[in-house]
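Number of protein chains: 2
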Amino acid sequence: MSKLITPRNENYSEWYLDIIKHAGLAEHSAVKGCMVIKPYGYAIWEKMRDDLDRRFKETGHENAYFPLFIPKSLFEAEEKNAEGFAKECAVVTHYRLKNHPTEKGKLIADPDSRLEEELIVRPTSEAVIWNTYKNWIQSYRDLPLLINQWANVVRWEMRTRLFLRTAEFLWQEGHTAHATAEEAMQETRQMLEVYADFAEKVLAIPVIKGIKTENERFAGADETFCIEAMMQDGKALQAGTSHFLGQNFAKAFDVKFLNKENKLEYVWGTSWGVSTRLMGALIMSHSDDSGLVLPPKVAPIQVVIVPIYKGEESFARLNEACDNIAKSLKKQGISVKLDFRETQTPGFKFAEWEVKGVPIRLALGLRDLENQTIEVARRDTKNKTTIPLQDVEGYVSNLLEQIQQSIYQKALEFREKNTFEVNTYEEFKEVMEKGGFALAHWDGTTETELKIKEETKATIRCIPLNARKETGKCIYTGKPSSQRVIFAQAY
Amino acid sequence: MSKLITPRNENYSEWYLDIIKHAGLAEHSAVKGCMVIKPYGYAIWEKMRDDLDRRFKETGHENAYFPLFIPKSLFEAEEKNAEGFAKECAVVTHYRLKNHPTEKGKLIADPDSRLEEELIVRPTSEAVIWNTYKNWIQSYRDLPLLINQWANVVRWEMRTRLFLRTAEFLWQEGHTAHATAEEAMQETRQMLEVYADFAEKVLAIPVIKGIKTENERFAGADETFCIEAMMQDGKALQAGTSHFLGQNFAKAFDVKFLNKENKLEYVWGTSWGVSTRLMGALIMSHSDDSGLVLPPKVAPIQVVIVPIYKGEESFARLNEACDNIAKSLKKQGISVKLDFRETQTPGFKFAEWEVKGVPIRLALGLRDLENQTIEVARRDTKNKTTIPLQDVEGYVSNLLEQIQQSIYQKALEFREKNTFEVNTYEEFKEVMEKGGFALAHWDGTTETELKIKEETKATIRCIPLNARKETGKCIYTGKPSSQRVIFAQAY
Chain P
1 MSKLITPRNE
11 NYSEWYLDII
21 KHAGLAEHSA
31 VKGCMVIKPY
41 GYAIWEKMRD
51 DLDRRFKETG
61 HENAYFPLFI
71 PKSLFEAEEK
81 NAEGFAKECA
91 VVTHYRLKNH
101 PTEKGKLIAD
111 PDSRLEEELI
121 VRPTSEAVIW
131 NTYKNWIQSY
141 RDLPLLINQW
151 ANVVRWEMRT
161 RLFLRTAEFL
171 WQEGHTAHAT
181 AEEAMQETRQ
191 MLEVYADFAE
201 KVLAIPVIKG
211 IKTENERFAG
221 ADETFCIEAM
231 MQDGKALQAG
241 TSHFLGQNFA
251 KAFDVKFLNK
261 ENKLEYVWGT
271 SWGVSTRLMG
281 ALIMSHSDDS
291 GLVLPPKVAP
301 IQVVIVPIYK
311 GEESFARLNE
321 ACDNIAKSLK
331 KQGISVKLDF
341 RETQTPGFKF
351 AEWEVKGVPI
361 RLALGLRDLE
371 NQTIEVARRD
381 TKNKTTIPLQ
391 DVEGYVSNLL
401 EQIQQSIYQK
411 ALEFREKNTF
421 EVNTYEEFKE
431 VMEKGGFALA
441 HWDGTTETEL
451 KIKEETKATI
461 RCIPLNARKE
471 TGKCIYTGKP
481 SSQRVIFAQA
491 Y
Chain G
492 MSKLITPRNE
502 NYSEWYLDII
512 KHAGLAEHSA
522 VKGCMVIKPY
532 GYAIWEKMRD
542 DLDRRFKETG
552 HENAYFPLFI
562 PKSLFEAEEK
572 NAEGFAKECA
582 VVTHYRLKNH
592 PTEKGKLIAD
602 PDSRLEEELI
612 VRPTSEAVIW
622 NTYKNWIQSY
632 RDLPLLINQW
642 ANVVRWEMRT
652 RLFLRTAEFL
662 WQEGHTAHAT
672 AEEAMQETRQ
682 MLEVYADFAE
692 KVLAIPVIKG
702 IKTENERFAG
712 ADETFCIEAM
722 MQDGKALQAG
732 TSHFLGQNFA
742 KAFDVKFLNK
752 ENKLEYVWGT
762 SWGVSTRLMG
772 ALIMSHSDDS
782 GLVLPPKVAP
792 IQVVIVPIYK
802 GEESFARLNE
812 ACDNIAKSLK
822 KQGISVKLDF
832 RETQTPGFKF
842 AEWEVKGVPI
852 RLALGLRDLE
862 NQTIEVARRD
872 TKNKTTIPLQ
882 DVEGYVSNLL
892 EQIQQSIYQK
902 ALEFREKNTF
912 EVNTYEEFKE
922 VMEKGGFALA
932 HWDGTTETEL
942 KIKEETKATI
952 RCIPLNARKE
962 TGKCIYTGKP
972 SSQRVIFAQA
982 Y
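Heads up: the protein sequence lines correspond to chains P and G, in order. So for the first sequence, our numbering puts the first residue at 1; every next one is plus one. So for the second sequence, our numbering puts the first residue at 492; every next one is plus one.
Watch out, some of these pointers could steer you wrong.
What the hints assert, rightly or not - Under the rule of at most 27 Å between Cα atoms (straight-line distance), these lysine-lysine pairs were calculated in the DSSO-like manner:
(1) P/Lys104 x G/Lys742
(2) P/Lys235 x P/Lys251
(3) G/Lys595 x P/Lys134
I should point out that these hints are in silico values taken from the structure, not numbers from a laboratory. In this text, all values refer to a predicted model and were calculated from it rather than measured experimentally.
Between the sequences and the hints, there should be enough to build the whole structure, so can you do that?
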């Protein structure tokens, strides 16, 4: 089975698609640019969603649900936002079909059902949400308003790639309203921390926290914070964003509140989101040429148990023993799959669970049972070892933690190995050719940023937070700079 | 606060909307026919969703996600289904906006972005899912395929009512594929049982399981099973449906499998769904003139604790005592809200939690603390009692169970009191005028069904399962009948 996967070094992009295909994560649908998320892929997304949802609730947020459609006039209200998304909007113009006048069985949009005002399928929900907040916020007592939504959104993309860039995707979008700029900024940064912690502790993906340049900022935000991860081809992937919206949407939708001094003020806003794009980041961060590698915390199946049958009479004994192991692991909250299929060979099963990235595989044969031992195989390192059967509970539980750590550590080392401080444009171009992050001085202008992009396809991924200040000269113009920024080619 | 709610007897429809408004469940949005589900309403929906999701998984189903859009040609493929939904479809025709040629800041659908083929926003997903199943199913080994999806769907409605009938709503749709008709029918009936059990045990809504008449059947199904509930105005509400699709979609989308005898056969299908409509059923089944009444199993807050402050120095002592009670209740898995707001009076708080339907309210004053007692108030019966503080844990936990039972029992008694066996058309019309279910003989023809509907607005809600066979004469035509069916006016 794993032979079906194109090696990374041969064709990275094929490798990515092969893993999605053979691990059964997603596929293209009959609708251009839209994907079908298959059960195994969706189970991973559910794990991500549940963990994030818990974090949002722990930080005081509530879920709600806002309409899929945005009337065109609302969409237009925040000018930069409208401009930013206008070029990729699905537009609903009719609300009824009728029989085709001549072709039997065919339907056409009924011209009599033309909408007075077109509806935009939400590419993001600031407009419809801030228009609602107008009615929800009157006084400082109504603030802060801390709301999140899990939803589907649509951005019409011409060139799509499963999970990374699709016309429809699933995401969460937080939208909060505050009485002061300070509080809104604190929220923006808090959610960035939530995302970073989730990425590192749960997805085992090391991320760099930073600020976007003006050119890369969310349309309608005053400041965009992001987490950036490095994929195995050295490219960057933006894994989450948290926006300080200032009073832009409050002004566009006239959302004011009476402050404690009884004066009317515009509300301060934030928005923040992560999407099914994280599935792409997860796949490209850890997987190898044998298939998917999953950190235990998002693995729908953490342990698979495969009995190695020898002759009919071994079935009952092995199944019973495997079943007991499964029960004791499940008691610890570990998700276990018993692979009792009699129609498949152990080799077939091993390959299948390998390509699906199940972190630990246990195999039990008759000889093991006699010796009271069991074989434990790690998916990430492919190490195999045999341990006493009575130790299996504690061993597996520790090993899952170890794998989680180890996958993170490996990704971190990869990133460090592929991150380079560069001081000349020549060095910079070398890094961009071989792949990786370049830490370079930049003169702070959009002009330089765009020229570098044009010449090398590299963009400024972020101005890292918590980076040491260091004066230097822009690699492109030689003008003064006070901090290195991160350049990379990006997904 | 509760005075804001119109009494049921005065105006039932206003009563319903007042509860939604004052309990903070939902509101109309800027988009015609679409609602905003507010945090408290969404929290109730989340409880429903989580419980149902667990039941689906326990019966072997997996979640997946299919596209929001259906290309028109796919939509047309199953003729009856297409015909059934064509009149209420949102149609996407363009994928880009551009600046209005003359009005600054305005946008128009870019004529150059006209889609070659229109996309329908899914009103239900059989078409796009069966088109996908075609590639997933080759052999009997690929069956059964047991998949569920949580999603938003759009059916353009001219007359909308919050939760009950909205253009966009949230739901789950199960879509399964089987090797035999028997197995598909078993699945259809299994899911009907899952819905009925959920409605009765979790939502505390008694339901009647039955089969729809041909006229009320899902467009594209061979047989539709349903659960029907009675609202407090005596009207019926369809609370869930489970469809036996026969081979209709398999034929429309050419989904065949090689059976064990190596012969190609069409696959058998089912689909089943419940939606945010259940929120409407929940509200109308249990609430009273003081507001929402929630069964504990779907109450986002099961217990609210209100300290009755007297003077500044009481704050710390009462808060600490309340906090300890909350902690001990939370340990039992009970969701507790501590209402420490110093800006509101106890009376205001009592009214607020009453209208929001929190099942149990605990109130603690200084005198209680001295006496080591606490006041317990039930939302459903409005009974109040004072118990020893040390008993609070066990008492509250038992009371929650008792409330769950009692709410169900009350609804069941109401339904029984308002269900009538009728033997003449005169008796029938009397029941339809005062409201309630009529158990009546019917001659089995669509013609009679439609005439009765025209004259009385009553429809056949279902042909009940498990009903005793009894020969009789149709109330309308006098023709022979072998079983009474349930007539009612319906939401």
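Results for each hint:
Between the alpha carbons of P/Lys104 and G/Lys742 the distance comes to roughly 18 Å, so the proposed pair stays at or under 27 Å and holds. A threshold of 27 Å between alpha carbons decides the hint, and for P/Lys235 with P/Lys251 the separation of about 38 Å lies outside it, so the pair is violated. Restraint check for G/Lys595 and P/Lys134: the C-alpha separation of about 25 Å stays at or below 27 Å, so the hint holds.
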